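A.B. asks: Residues per chain, in single letters:
Number of protein chains: 2
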Amino acid sequence: MSDVTIKDIARMAGVSHTTVSRALNDSPLINPETKERIKSIAGSLNYTPNYNAKSLVLDRSYNLGLFFTTLHQGTSSGFLYAALRGVNEVIKDGYNLIVRGIDDYTSFHHVNRKSFDGIIVMSQSAADQPFIEYAAQRAIPLIVLNRQIEMDGVWNLVPDDQSGAYRMTEYLLQCGHRRIAIIEGKPGFKSSHARKEGYLDALRSAGIEPEDELCMRGEYDFESGYQAMVRILELKDRPSAVFCSSDDMALGAVKAAAERGVRVPDDISVAGFDDTLYSAFITPALTTVRRPIEEMSRAGAEKLVAFIEKKHVEDHKRMFRTELVIRDSVKPISEGD
Amino acid sequence: MSDVTIKDIARMAGVSHTTVSRALNDSPLINPETKERIKSIAGSLNYTPNYNAKSLVLDRSYNLGLFFTTLHQGTSSGFLYAALRGVNEVIKDGYNLIVRGIDDYTSFHHVNRKSFDGIIVMSQSAADQPFIEYAAQRAIPLIVLNRQIEMDGVWNLVPDDQSGAYRMTEYLLQCGHRRIAIIEGKPGFKSSHARKEGYLDALRSAGIEPEDELCMRGEYDFESGYQAMVRILELKDRPSAVFCSSDDMALGAVKAAAERGVRVPDDISVAGFDDTLYSAFITPALTTVRRPIEEMSRAGAEKLVAFIEKKHVEDHKRMFRTELVIRDSVKPISEGD
DNA sequence: CTGAAAGCGCTAACAG
DNA sequence: CTGTTAGCGCTTTCAG
Chain V
69 MSDVTIKDIA
79 RMAGVSHTTV
89 SRALNDSPLI
99 NPETKERIKS
109 IAGSLNYTPN
119 YNAKSLVLDR
129 SYNLGLFFTT
139 LHQGTSSGFL
149 YAALRGVNEV
159 IKDGYNLIVR
169 GIDDYTSFHH
179 VNRKSFDGII
189 VMSQSAADQP
199 FIEYAAQRAI
209 PLIVLNRQIE
219 MDGVWNLVPD
229 DQSGAYRMTE
239 YLLQCGHRRI
249 AIIEGKPGFK
259 SSHARKEGYL
269 DALRSAGIEP
279 EDELCMRGEY
289 DFESGYQAMV
299 RILELKDRPS
309 AVFCSSDDMA
319 LGAVKAAAER
329 GVRVPDDISV
339 AGFDDTLYSA
349 FITPALTTVR
359 RPIEEMSRAG
369 AEKLVAFIEK
379 KHVEDHKRMF
389 RTELVIRDSV
399 KPISEGD
Chain S
69 MSDVTIKDIA
79 RMAGVSHTTV
89 SRALNDSPLI
99 NPETKERIKS
109 IAGSLNYTPN
119 YNAKSLVLDR
129 SYNLGLFFTT
139 LHQGTSSGFL
149 YAALRGVNEV
159 IKDGYNLIVR
169 GIDDYTSFHH
179 VNRKSFDGII
189 VMSQSAADQP
199 FIEYAAQRAI
209 PLIVLNRQIE
219 MDGVWNLVPD
229 DQSGAYRMTE
239 YLLQCGHRRI
249 AIIEGKPGFK
259 SSHARKEGYL
269 DALRSAGIEP
279 EDELCMRGEY
289 DFESGYQAMV
299 RILELKDRPS
309 AVFCSSDDMA
319 LGAVKAAAER
329 GVRVPDDISV
339 AGFDDTLYSA
349 FITPALTTVR
359 RPIEEMSRAG
369 AEKLVAFIEK
379 KHVEDHKRMF
389 RTELVIRDSV
399 KPISEGD
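Line order of the protein sequences matches chains V and S.
The C-terminal residue of the first sequence carries number 405 in the numbering used here, and the numbering is unbroken.
The C-terminal residue of the second sequence carries number 405 in the numbering used here, and the numbering is unbroken.
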């Protein structure tokens with residue numbers, strides 16, 4: 069049924085299977101008429117090439133990998149979704165997109181040039197480094213998104229988290245906030261570090277010395293945001309604004325505040341980071357920083373596919389601008405410090 | 069470098085490549101000592117089998133497909149995430165998971181038994197039917213999740229949306245609500261239909277005739293929930309509760325209410341459906357219906373893999389119980405009708 | 001423009 | 001227990 073081969077077609081067309089192969093691949097060597105004839109027979113037989121055979125001889129797998137640090141924790145569903153969409157928009161037919169968490173691999177044995185024409189790593193942590201190096205060393209076309217890495221010959225597209233955090237903090241300062249707390253991201257994630265740095269820089273630029281007391285640990289998820297906010301609200305000297313390193317944590321923070329009768333933004337301002345799908349829709353709508361995940365993924369996939377198909381090279385590093393999204397969860401304060 | 073073949077190993081071990089093949093595949097025919105020797109040589113050479121060659125001869129692709137109706141609209145990121153996690157937990161190594169939106173296919177040519185050892189369809193709409201039939205007809209091991217289908221020989225695991233909606237509506241009635249509006253899901257999605265049916269059934273069981281005026285169209289997303297709620301609030305005779313066919317729409321509804329000074333749940337109750345990740349964390353925490361997407365996906369993947377590997381068959385249909393999750397967005401009303 | 005022959009890397013009879 | 005041989009379906013020299 070679906071096991072028609074080029075030999076079957078060859079027999080029916082009265083030509084050799086070589087000719088069929090060439091015709092189906094649009095070789096210019098073939099007489100247009102026989103080519104048409106062969107194609108129509110193939111069509112009527114509902115022929116589908118055996119990609120395993122093609123792969124073997126052409127040394128291409130038609131597989132692209134999209135790998136995340138983890139699919140268990142720290143990866144928000146919105147992040148996954150945006151990345152998947154961005155990549156899928158580009159690759160259309162012609163490639164299979166294989167999605168996986170790097171921490172699901174027990175060994176990297178299955179990761180090699182024969183099995184992957186190219187790999188996109190959505191990296192969120194330095195824990196990916198061994199995987200990235202493994203792939204690079206196996207000479208698999210490779211592009212690393214989201215996390216900055218220092219490797220030659222590996223493409224790297226990242227959002228400018230630090231300047232995003234800087235601008236957000238700056239904005240909070242402009243709104244008159246002086247004591248600004250931060251709820252940090254998952255320890256070990258480069259993005260957590262970059263966001264905190266941006267926050268610290270902005271504070272210092274404004275001549276404000278950061279206070280350790282106002283730096284809370286978080287895990288990027290709702291629950292940790294909630295917990296951190298509880299601790300913040302218990303502070304004797306409560307800050308007037310809280311910069312959360314993710315929207316998920318900002319949600320948790322808002323929730324914790326609401327449960328304690330503290331109103332956002334009237335009693336305390338809360339800012340997020342990520343601009344997840346729902347941030348615009350919750351109450352209060354979240355003031356946050358947008359990362360261009362989907363655009364970045366699209367650009368990455370385009371680069372990768374172009375390289376695989378045309379061996380076309382270009383600049384290797386690029387930063388994607390983040391964007392301040394001002395909504396309702398941050399409020400200027402009138403009274404001085 | 070990564071191009072070591074069994075022939076290279078054979079040469080070094082002083083045996084035939086057949087022996088190497090057998091040894092590496094743990095054939096009982098091989099002398100344990102030579103087997104060990106061969107394996108250690110393979111290890112030191114960092115040998116990786118060429119899966120394209122294996123695929124060709126074994127007629128297995130080592131690919132599993134996870135297909136969604138669409139990756140563009142109507143699929144929430146939480147849904148995608150839960151499904152992906154559930155499946156990935158099961159397949160571990162040994163299979164590549166290929167993720168795709170069915171509506172991204174321009175033709176199904178690439179979908180065949182040579183390219184997929186099995187397929188999981190996360191179906192959300194009857195629009196998938198052609199795809200499902202195509203795959204079934206090509207004799208690809210197939211399992212359809214989430215949407216009920218009528219086809220023999222195709223496994224089908226679905227959440228009981230209708231009874232979930234029924235129980236939610238029943239709960240609203242128990243809370244004293246008489247006029248209950250519904251914001252419906254995306255037209256054409258089977259789940260939209262099932263949820264509405266559950267709602268209607270419960271109403272009728274309570275002797276209440278459903279009112280057309282209280283049935284609002286929606287699209288499963290935030291924005292449509294918002295819009296629908298605006299229309300509900302403009303009604304002369306406003307209902308005391310709103311059953312939203314998705315949490316995303318419930319969020320939109322809450323937002324619309326808040327903006328108009330209508331408090332949830334004090335002035336109006338809002339119920340959702342899905343129990344997305346954030347529904348517990350927003351204010352007010354959403355009363356909703358949980359669908360066991362991740363469990364369902366896990367069960368589906370297990371069935372599929374078992375079938376592929378052991379040709380083991382079992383019952384073909386199964387319904388997964390949905391669960392009422394009572395939180396804060398619905399409030400009993402004391403005053404009578 | 002077309003065909004014969006070889007081979008991609010691996011597994012599977014079939015003989016020993 | 002091991003080797004010889006053939007072949008999976010396709011592309012690619014190399015000759016016409």
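Hints are computed from structural coordinates only; laboratory data are not their basis.
Values in this document were obtained by computation on a predicted structure and should not be read as measured data.
Do not take every clue at face value.
Which copy? The list can't say, so a pair holds if one copy fits it or any two copies do.
[To be verified] Within a straight-line C-alpha distance of at most 20 angstroms, the following computed EDC-like cross-link-like pairs (lysine to aspartate or glutamate) qualify:
| # | residue 1 | residue 2 |
| --- | --- | --- |
| 1 | Lys160 | Asp172 |
| 2 | Lys160 | Asp171 |
| 3 | Lys122 | Asp71 |
| 4 | Lys378 | Asp305 |
| 5 | Lys103 | Asp228 |
| 6 | Lys160 | Glu377 |
| 7 | Lys122 | Glu265 |
| 8 | Lys103 | Glu302 |
| 9 | Lys304 | Asp335 |
| 10 | Lys385 | Glu201 |
| 11 | Lys75 | Glu327 |
| 12 | Lys75 | Glu238 |
A.B. asks: Against this structure, judge whether each hint is valid.
C.D. replies: Comparing the hints with the structure gives:
Taking CA atoms no more than 20 angstroms apart as the test, Lys160 paired with Asp172 passes between copies only; the shortest distance there is 7 angstroms, against 26 angstroms inside one copy. In this assembly of identical chains, the alpha carbons of Lys160 and Asp171 lie at most 20 angstroms apart only when taken from different copies (10 angstroms versus 27 angstroms within one copy). In the homo-oligomer, the alpha carbons of Lys122 and Asp71 lie at most 20 angstroms apart both inside one protomer (15 angstroms) and across protomers (18 angstroms), since each shortest distance falls under that limit. When the C-alpha separation of Lys378 and Asp305 is checked against a cutoff of 20 angstroms, the pair qualifies neither within a copy, at 61 angstroms, nor between copies, at 65 angstroms.
In this assembly of identical chains, Lys103 and Asp228 lie within 20 angstroms of each other by CA distance neither inside one copy nor across copies; the values are 52 angstroms within and 53 angstroms between. Taking the closest pair of Cα atoms, Lys160 and Glu377 come within 20 angstroms of each other only inside a single copy of the chain (14 angstroms); across copies the shortest separation is 30 angstroms, beyond that limit. For the identical chains of this complex, Lys122 and Glu265 are neighbours neither inside a copy (50 angstroms) nor across copies (50 angstroms), given an alpha-carbon limit of 20 angstroms. In this assembly of identical chains, the alpha carbons of Lys103 and Glu302 never lie at most 20 angstroms apart, being 78 angstroms within a copy and 66 angstroms across copies at closest.
Taking the shortest alpha-carbon separations for Lys304 and Asp335, only the intra-copy value of 15 angstroms comes in at or below 20 angstroms, while the best inter-copy value is 35 angstroms. When the C-alpha separation of Lys385 and Glu201 is checked against a cutoff of 20 angstroms, the pair qualifies only within one copy, where the shortest distance is 17 angstroms, while the shortest distance between copies is 45 angstroms. When the C-alpha separation of Lys75 and Glu327 is checked against a cutoff of 20 angstroms, the pair qualifies neither within a copy, at 72 angstroms, nor between copies, at 69 angstroms. Taking CA atoms no more than 20 angstroms apart as the test, Lys75 paired with Glu238 passes in neither setting, with 69 angstroms inside one copy and 64 angstroms between copies.
Of the hints listed earlier, those the structure fails to meet are numbers 4, 5, 7, 8, 11 and 12, in rising order.
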